[in-house]
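Novice: Here is what each chain is made of, one letter per residue.
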Amino acid sequence: DVKVTQSSRYLVKRTGEKVFLECVQDMDHENMFWYRQDPGLGLRLIYFSYDVKMKEKGDIPEGYSVSREKKERFSLILESASTNQTSMYLCASSSLAGAGETQYFGPGTRLLVL
Amino acid sequence: EDQVTQSPEALRLQEGESSSLNCSYTVSGLRGLFWYRQDPGKGPEFLFTLYSAGEEKEKERLKATLTKKESFLHITAPKPEDSATYLCAVEVIGTASKLTFGTGTRLQVTL
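Here the protein sequences line up with chains A and B, keeping their order. Taking this note's numbering, I'd label the letters of the first sequence as residues 714 to 827. Taking this note's numbering, I'd label the letters of the second sequence as residues 2 to 112.
Calculated from the structure, these hints are not laboratory results. Careful: at least some of the hints might be erroneous.
Derived EDC-like pairs (lysine to aspartate or glutamate); straight-line CA-CA distance at most 16 Å [unchecked claim]:
1. 99/B with 743/A
2. 64/B with 18/B
3. 99/B with 764/A
4. 716/A with 46/B
Residues from chain B that keep clear of chain A, each with C-beta distances beyond 12 Å, as calculated [unchecked claim]:
5. 18
6. 20
7. 27
8. 39
9. 57
10. 70
11. 73
Predicted, not measured: the structure shown is a model, and the values here were computed from it. Even glycine gets a Cβ: it sits at the ideal position worked out from N, Cα and C.
In isolation and in its complexed conformation, chain A is listed as follows:
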């Protein structure tokens, strides 16, 4: 069974704080993704990574950065949290084995920025 875990289920931070969200997968997947999910907007891709130390911008990268130092771990960083970054954050991973590989999701982190 694929398992994707996220470091926190709920987080409350203050405006201007630096925030780290961590994601770990145990299936030796090459691809890892960070999304945010907001009511009425669906899931939107923030950043993704094909390999260690590689990263690509998604559709909404502004205000975020990422780090992938090990294959199993992908971190999302909010350098200076703002209230409009209050959201549900979802991490996913998939294999690079072929086309149309399934993305498996973690349980999500609900972030509230005050």
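Could you slot chain B onto chain A? The hints should help.
Specialist: Chain B alone, transformed into the frame defined by chain A:
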């Protein structure tokens, strides 16, 4: 621009009342279409992948079908435990494993 539209936004069914959810897509080239189930406060759970028009997949009370413009998720004799949000996503050729999601259909099944 690649687009995925799901309808209806919300659907309320009585237990045993079969229905279908729709996912229509406009993409330059489809590599795969994915269906996920999401329970409140949790991450999406994978259900099906469809790759080509005419393909069908089944799991318990769920059956997914695919045409060149849309996919349907048919729910036969639903039970209250089928209540969830159902998400559709597409992977487009040339976008390197990225998924474009619809906004989901929120399904409620009552006794």
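Novice: Against each hint, give a clear statement of whether it holds in the structure.
Specialist: To see whether the hints hold, each was checked on the structure:
For the proposed pair residue 99/B and residue 743/A, the alpha carbon gap of about 13 Å is at most 16 Å, so the pair holds. With a C-alpha separation of about 15 Å, the suggested pairing of residue 64/B with residue 18/B holds against the 16 Å cut-off. Distance hint between residue 99/B and residue 764/A is fulfilled; the C-alpha atoms sit about 14 Å from each other, no more than 16 Å. The hinted pair formed by residue 716/A and residue 46/B meets the criterion: a straight-line CA distance of about 11 Å does not exceed 16 Å.
A cut-off of 12 Å between C-beta atoms confirms that residue 18/B is not in contact with chain A; the least separation is 26 Å. At roughly 21 Å, the least C-beta separation between residue 20/B and chain A is larger than 12 Å, which holds for a residue marked as non-interface. Remark: the non-interface label on residue 27/B is consistent with the geometry, its nearest Cβ contact in chain A lying 15 Å away (cut-off 12 Å). With a closest Cβ-Cβ approach of about 9 Å to chain A, residue 39/B is found to fall inside the 12 Å limit, against its non-interface label.
With a minimum CB-CB distance of about 16 Å to chain A, residue 57/B clears the 12 Å threshold, and the non-interface call stands. Remark: the non-interface label on residue 70/B is consistent with the geometry, its nearest Cβ contact in chain A lying 18 Å away (cut-off 12 Å). Consistency note on residue 73/B: stated as away from chain A, and its beta-carbon is indeed over 12 Å from all of that chain's, at 19 Å minimum.
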